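**Q** Can you make the complete structure from the sequences, with help from the hints?
Those protein sequences? They're chains A and B, same order as listed.
Letter by letter, the first sequence follows residues 3 to 583 in this note's numbering.
Letter by letter, the second sequence follows residues 23 to 270 in this note's numbering.
To be clear, the hints were calculated from the coordinates, so they are not data collected in a lab.
Careful, some of the hints might be misleading.
Stated by the list, open to error - Within a straight-line C-alpha distance of at most 25 Å, the following computed DSS-like cross-link-like pairs (lysine-lysine) qualify: (1) K253/B - K191/B; (2) K300/A - K147/A; (3) K168/B - K241/B; (4) K253/B - K327/A; (5) K168/B - K139/B; (6) K139/B - K191/B; (7) K259/A - K276/A; (8) K168/B - K327/A; (9) K147/A - K137/B; (10) K259/A - K272/A; (11) K134/B - K147/A; (12) K147/A - K191/B; (13) K327/A - K122/A; (14) K272/A - K123/A; (15) K139/B - K147/A; (16) K296/A - K272/A; (17) K139/B - K337/A; (18) K241/B - K345/A; (19) K276/A - K123/A; (20) K345/A - K276/A; (21) K191/B - K337/A; (22) K134/B - K337/A; (23) K241/B - K134/B; (24) K123/A - K296/A; (25) K237/B - K168/B; (26) K300/A - K327/A; (27) K137/B - K253/B; (28) K168/B - K147/A.
Said to hold, decoys possible - Here are the simulated distance ranges between beta carbons: (29) R322/A - E48/B: 43 to 51 Å; (30) H318/A - Q165/B: 22 to 30 Å; (31) Q93/A - M132/B: 27 to 35 Å; (32) R150/B - D559/A: 56 to 64 Å; (33) D545/A - Q165/B: 49 to 57 Å.
Said to hold, decoys possible - Take a look, some chain B residues computed to stay more than 12 Å from chain A by CB distance: (34) D145; (35) G155; (36) P161; (37) A162.
Keep in mind the model is a prediction, meaning the values are calculated, not measured.
C-beta atoms are modelled at their ideal positions from N, C-alpha and C, and glycine is treated no differently.
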Amino acid sequence: MTAHHDVLLVGGGGAGLRAAIAIAETNPSLRIAIISKVYPMRSHTVSAEGGAAGVIRGDDTLDEHAYDTISGGDWLSDQDAVEAFVREAPQELLRLEHWGCPWSREPDGGVGVRPFGGMKKMRTWFAADKTGFHMLHTLFQTSLKYSSIERYDEWFVTTLLEDDGRVQGVVAIDLMSGRIETITAHAVILCTGGCGRVFPFTTNASIKTGDGMALAYRAGAPLKDMEFVQYHPTGLPFTGILITEAARSEGGYLINKDGYRYLQDYNLGKPEPKPVFRSMELGPRDRLSQAFVKELQKGRTTETEHGPVVHLDLRHLGERTIESKIPFVRELCLKYQNIDPVKDLIPVRPVVHYMMGGVHTDANGATPLAGLYAAGEVACVSINGANRLGSNSLPELLVFGARAGRAAAEHASSMAAKGPGAAVLARGKDEELRLGQQFTRANGHRERLATVRDEMQKAMEDSAGIYRSGQSLQRGVDTLRELRERFSSIAIDDRSLTFNTERIAALELSFMLDVADAIVGSALAREESRGAHQRTDYPTRDDQRYLAHSLVRRAPDGSSRVEYLPVTITRWPPAERVYGR
Amino acid sequence: MADRITMQVARYRPEIESDATFQDYEVPCPRDWVILDGLNYVKDRLDGTLSYRWSCRMGICGSCGMTVNGEPKLTCATFLADYAPGPVRVEPLRNFPVIRDLVVEIGDFMRKLVKVKPWIIRDEGDVRPLSQGEYRQTPAELQDYKQFSMCINCMLCYAACPIYGLDPKFIGPAAIALAQRYNLDSRDHGARERMEILSEHAGIWGCTFVGECTKVCPKNVDPAGAIQRYKLSAAVESLKAFFMPRGA
Chain A
3 MTAHHDVLLV
13 GGGGAGLRAA
23 IAIAETNPSL
33 RIAIISKVYP
43 MRSHTVSAEG
53 GAAGVIRGDD
63 TLDEHAYDTI
73 SGGDWLSDQD
83 AVEAFVREAP
93 QELLRLEHWG
103 CPWSREPDGG
113 VGVRPFGGMK
123 KMRTWFAADK
133 TGFHMLHTLF
143 QTSLKYSSIE
153 RYDEWFVTTL
163 LEDDGRVQGV
173 VAIDLMSGRI
183 ETITAHAVIL
193 CTGGCGRVFP
203 FTTNASIKTG
213 DGMALAYRAG
223 APLKDMEFVQ
233 YHPTGLPFTG
243 ILITEAARSE
253 GGYLINKDGY
263 RYLQDYNLGK
273 PEPKPVFRSM
283 ELGPRDRLSQ
293 AFVKELQKGR
303 TTETEHGPVV
313 HLDLRHLGER
323 TIESKIPFVR
333 ELCLKYQNID
343 PVKDLIPVRP
353 VVHYMMGGVH
363 TDANGATPLA
373 GLYAAGEVAC
383 VSINGANRLG
393 SNSLPELLVF
403 GARAGRAAAE
413 HASSMAAKGP
423 GAAVLARGKD
433 EELRLGQQFT
443 RANGHRERLA
453 TVRDEMQKAM
463 EDSAGIYRSG
473 QSLQRGVDTL
483 RELRERFSSI
493 AIDDRSLTFN
503 TERIAALELS
513 FMLDVADAIV
523 GSALAREESR
533 GAHQRTDYPT
543 RDDQRYLAHS
553 LVRRAPDGSS
563 RVEYLPVTIT
573 RWPPAERVYG
583 R
Chain B
23 MADRITMQVA
33 RYRPEIESDA
43 TFQDYEVPCP
53 RDWVILDGLN
63 YVKDRLDGTL
73 SYRWSCRMGI
83 CGSCGMTVNG
93 EPKLTCATFL
103 ADYAPGPVRV
113 EPLRNFPVIR
123 DLVVEIGDFM
133 RKLVKVKPWI
143 IRDEGDVRPL
153 SQGEYRQTPA
163 ELQDYKQFSM
173 CINCMLCYAA
183 CPIYGLDPKF
193 IGPAAIALAQ
203 RYNLDSRDHG
213 ARERMEILSE
223 HAGIWGCTFV
233 GECTKVCPKN
243 VDPAGAIQRY
253 KLSAAVESLK
263 AFFMPRGA
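**A** Structural data, given as C-alpha cells:
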C-alpha cells in the first residue's frame, strides 16, 4: 500500500509538533503527517525538567546568552546559528505562552525566570520542574486544532526512500497490525530525538534509540560531532532518573563523602552560601561530570550497591522552596529512592543525558540530502558545540523545529506538481519485501537480543565514557564490529504480527549499533580534548587542528569516514573557558 | 523478604488465542525494582514474546498503566516488593479493548481528546500580538487550573471509572479535566464553546461522584472534582441560556 503526503515528520515530540504547526501555518493547503512510534504525548520531551532559556529581562542581552552558549560549548558552536537561536528563542517561548503553556509566574503576572548552569543571567523560563511535560502537552494539544495535520501513531519508520539525490518518503510498520507501508512525501523532517540508550546508564527513555540518526546515516547524510556525549552530573543511582539542574540553581550543594563542596578544587570558583552565576554548582555539565571522576579517583566518593555516588544537599532550602520550585525532585526522590530531600541527602552520579552531535543540518534544518530535514536533539546545527548548556535544548527544538518546518513547507510547495518517482516506489516495495522476509524466515538463530544490546552498552561506557583514550576507543570499535556480526544471528521468538515489540526492538538495536559506531569512530579521530570529549592521551584543546566539526559518512561498503568542517566564528574568537572567576 | 517473586502475567495473542490466559514467570525481587523492571526481566531473559508499553520509567510519559492485583497502576511507580511474597497478577487496563498481552487500544480517548478542544480559544479580535509580550497571569490565577494541567493521559482513571465501563460514549474523567484545565485558564475564552460540546455527550450526568478516578490518579489531578464543577457550571449556563439566548 502507498500513501502520500506533502511533508512527513518522523517523530512527534517537541521538535516534530512545533515543525508541524509551522508548516500548517506557512501553507494551510499542505498535507502534513506525523509518524511516531509512540503517541505524541509519550515522547521524551515530556521528561525535560528544569526550563527553557530565552532572554526576557531588562538586565540581560542576546549577546550575553550567545556568549554563554558559545563558551559553554568550548567554541565548537557555529556562531551565526547561535545568534539566530538566541534572537528567536524568546519569541518562541512567548508563542508557547500564548498557546497556553503554564509557565511559572512572578507576583505581577509576568513570566518568571531562574538561573541555570553556565548562564550569566536569569533567563531560564520554567513550569515548576516539569517544563518539558508542559511544553509537550501544550504543543500536542495545540496541534490538534490544525485539520491539515494527520497522524500515524505507533508506526515505526524503517528506512528513508531516496532517489536521484532526493528523499521522497519512508517505509514504516504499523505496530498494531504489523502492516508495512510505503509513505511518500516531498519533504521528510527527522525529529526523533537522541540516542542515550546506546549507553547502559542514561536518563533517556527506552524509546531513545537514535532512529533518526541511523536513518539519515544509512541514506548517506553525514552525522556531525557525534563524539560529544553529555553526561548530566546528577542522576539517581540504579534508575538513572534525572535530578534537575534547577535543584542547584535554587541553591543545592554538591558534596563528597566528607561533606565537602568539592567543585572548589576544580577551577570552578569558591563556595558561597547562595548560588553564583557560572560558578561552582552552576558550572557547565561537562566540567561537573569530569570533577566527579576526579573525586572518584581520589577516593572521595561514597560506595553504594549501585556504584559510587556523591550527594546533592537541598536540606537548607527548606520545604517551601522545594515544594514550590522543584516539587518533581521531591516526588521522584520519595517515589523511587525512598528519601525526602527536605531532610535527606540525595545520592547522585553522572548519567548519559544528551547528544550534542546529530544529523548535519544548516540553520534551517536542511541536511545535504535534498528533501531531508532534521530538528531537535536528532540534529546538529550546531549551537551546542562540545557541551550543551542546561535549558538550551527546549528552546532549540522550538526555534529549529519552526525553522525546519518553514523550510520544508517551502520546498514541498515548490515540488507540488511532482509525484514520487517510479524508482522510489520500487525501493519501497523492496524494503517491504525485505522486512517481510526477515520476519517470516524461521531462522533457528540463538543469539539473545538483550545480550547483544547489553554488551553494546557496556562497550560504549568502557570505551567512550566521560574520559576516553585512543586505546579504549579502538577496543570499542573492535567490539562493535563483532557485535554487528552477532546481531545478524539474533533470535526473534515472537512471530505475531500484532504489536510485536520484539521485532521493533531488533530494528532499534540495529539502528543503535550504527549510531554507536559513529560515536566511537568520531571520538577516535578527534585527537584533542574539548568540552564533553576528554581524551586522556590528548588532554588539551587543539584549535590548530580541531576548531572544526567532525562529519562522519558511511560508505556503501559499510565502512565510515570522518572529515572536518570549519566552525563558523562571527564575533567571539576562541578563548579560555572561565568559570568561577 | 523473599528474593524472588512469581508474576502472573495476562497473555493474549489474537492470532493464537481467542481468550486471555495467564503465564507465570519467576523474577528477582530486589527492594528497588518496580513492576516494570520485573516485566523487562521477563522480556530480556525469559520470554521475548511478551508485549507491553513503556518509555520514561519516571512516571511522566503515561505509557505503562496496567492492572496490578486488580488495581490500575503505573507499573514504573509500583514496587514489586510491596506484593511479596506474591504472586502478583499483572493484566491490561480494564475498560479498553486489548490489542495484545498488556497493550490496550486507546484510540477512543484520542478521539475524545480532540472533541473537548484542548487549546486556548480567544474571542475574535482579542488576540494579543507577540510584540505585546505575554498574557499576564498571576500565581493565583495559575493555581486555579494548574492541578488539571498535570494529567499525563495514563488512562488509569478510565480503567477505574464505573460509568465508562458501562457506557463507552461517556467522554470520561481525563478529557473533562482537560476541558476544565482550559476553561479555568485566565487566558482562555472557550468555556462556552466547550460547554456545548460536553453537554451533547451522554454520560456526564450519570457520574454520581463515585470518585474512583481521583483515587487512582497518580498525579493528584482530581478529575472527579472537575466533573462536579463542570456539572455545576453547565447547570448555571443552561439556565442562563434559557433566559438569555446566545447572541442576545
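**Q** Now, for every hint given, state plainly whether the structure supports it.
**A** Hint check results:
1. At most 25 Å may separate the alpha-carbon atoms for a hinted pair to count; K253/B and K191/B meet this at roughly 17 Å.
2. A threshold of 25 Å between alpha carbons decides the hint, and for K300/A with K147/A the separation of about 57 Å lies outside it, so the pair is violated.
3. Between the alpha carbons of K168/B and K241/B the distance comes to roughly 12 Å, so the proposed pair stays at or under 25 Å and holds.
4. About 33 Å separates the Cα atoms of K253/B and K327/A, which puts this hinted pair outside 25 Å; it is violated.
5. The suggested pairing of K168/B with K139/B holds, with an alpha-carbon distance near 18 Å, which does not exceed 25 Å.
6. Annotation: proposed proximity of K139/B to K191/B holds, straight-line Cα distance about 17 Å (limit 25 Å).
7. About 21 Å separates the Cα atoms of K259/A and K276/A, which keeps this hinted pair within 25 Å; it holds.
8. Distance hint between K168/B and K327/A is fulfilled; the C-alpha atoms sit about 14 Å from each other, no more than 25 Å.
9. Between K147/A and K137/B, the direct Cα distance comes to roughly 10 Å. Compliance with the 25 Å bound is thereby established for this hinted pair.
10. Between K259/A and K272/A the CA atoms are separated by roughly 19 Å; this keeps the pair inside 25 Å, and the hint holds.
11. Of the pairs offered as hints, the one joining K134/B and K147/A holds, with about 13 Å between alpha carbons and a cut-off of 25 Å not exceeded.
12. For a cut-off of 25 Å, the pair hint linking K147/A to K191/B stands: about 22 Å separates their Cα positions.
13. At roughly 20 Å between alpha-carbon atoms, K327/A and K122/A fall within 25 Å of each other, so this suggested pair holds.
14. Simply put, K272/A and K123/A have alpha-carbon atoms about 19 Å apart, close enough for the 25 Å limit, and the pair holds.
15. With a C-alpha separation of about 7 Å, the suggested pair K139/B and K147/A falls inside the 25 Å cut-off, and the hint holds.
16. Between K296/A and K272/A the alpha-carbon distance is near 18 Å, which keeps this suggested pair within the 25 Å criterion.
17. Proposed proximity of K139/B and K337/A is contradicted: the alpha carbons are some 33 Å apart, above 25 Å.
18. Between K241/B and K345/A the alpha-carbon distance is near 23 Å, which keeps this suggested pair within the 25 Å criterion.
19. Taking the CA atoms of K276/A and K123/A, the gap is near 15 Å; set against the 25 Å cutoff, the hint holds.
20. A hinted pair counts as satisfied when its Cα atoms are at most 25 Å apart, and K345/A with K276/A qualifies at roughly 19 Å.
21. Between K191/B and K337/A the CA atoms are separated by roughly 35 Å; this puts the pair beyond 25 Å, and the hint is violated.
22. Between K134/B and K337/A the alpha-carbon distance is near 31 Å, which puts this suggested pair outside the 25 Å criterion.
23. For the suggested pair K241/B and K134/B, the alpha carbons sit about 21 Å apart, so the restraint of at most 25 Å is met.
24. Between K123/A and K296/A the CA atoms are separated by roughly 29 Å; this puts the pair beyond 25 Å, and the hint is violated.
25. Distance restraint check for K237/B and K168/B: the Cα-Cα separation of roughly 18 Å lies within the 25 Å cut-off, and the hinted pair is therefore satisfied.
26. A distance of roughly 34 Å separates the Cα atoms of K300/A and K327/A; the hinted pair therefore is violated under the 25 Å criterion.
27. Annotation: proposed proximity of K137/B to K253/B holds, straight-line Cα distance about 18 Å (limit 25 Å).
28. Taken as a hint, the K168/B and K147/A pair is honoured in the structure, with Cα atoms around 22 Å apart against an allowance of 25 Å.
29. With their beta carbons about 46 Å apart, R322/A and E48/B fall inside the hinted range of 43 to 51 Å.
30. Between H318/A and Q165/B the C-beta distance comes to about 26 Å, which sits within the given range of 22 to 30 Å.
31. The hinted range of 27 to 35 Å is satisfied by Q93/A and M132/B, whose Cβ atoms lie roughly 31 Å apart.
32. Range check, R150/B to D559/A: about 57 Å between beta-carbon atoms, so the 56 to 64 Å window is met.
33. The hinted window of 49 to 57 Å between D545/A and Q165/B holds, with their beta carbons roughly 51 Å apart.
34. For D145/B, the shortest C-beta to C-beta distance to chain A comes to about 14 Å, beyond the 12 Å cut-off, and the non-interface label holds.
35. At roughly 7 Å, the least C-beta separation between G155/B and chain A is not larger than 12 Å, which violates its mark as non-interface.
36. With a closest Cβ-Cβ approach of about 5 Å to chain A, P161/B is found to fall inside the 12 Å limit, against its non-interface label.
37. Consistency note on A162/B: stated as away from chain A, yet its beta-carbon is not over 12 Å from all of that chain's, at 9 Å minimum.
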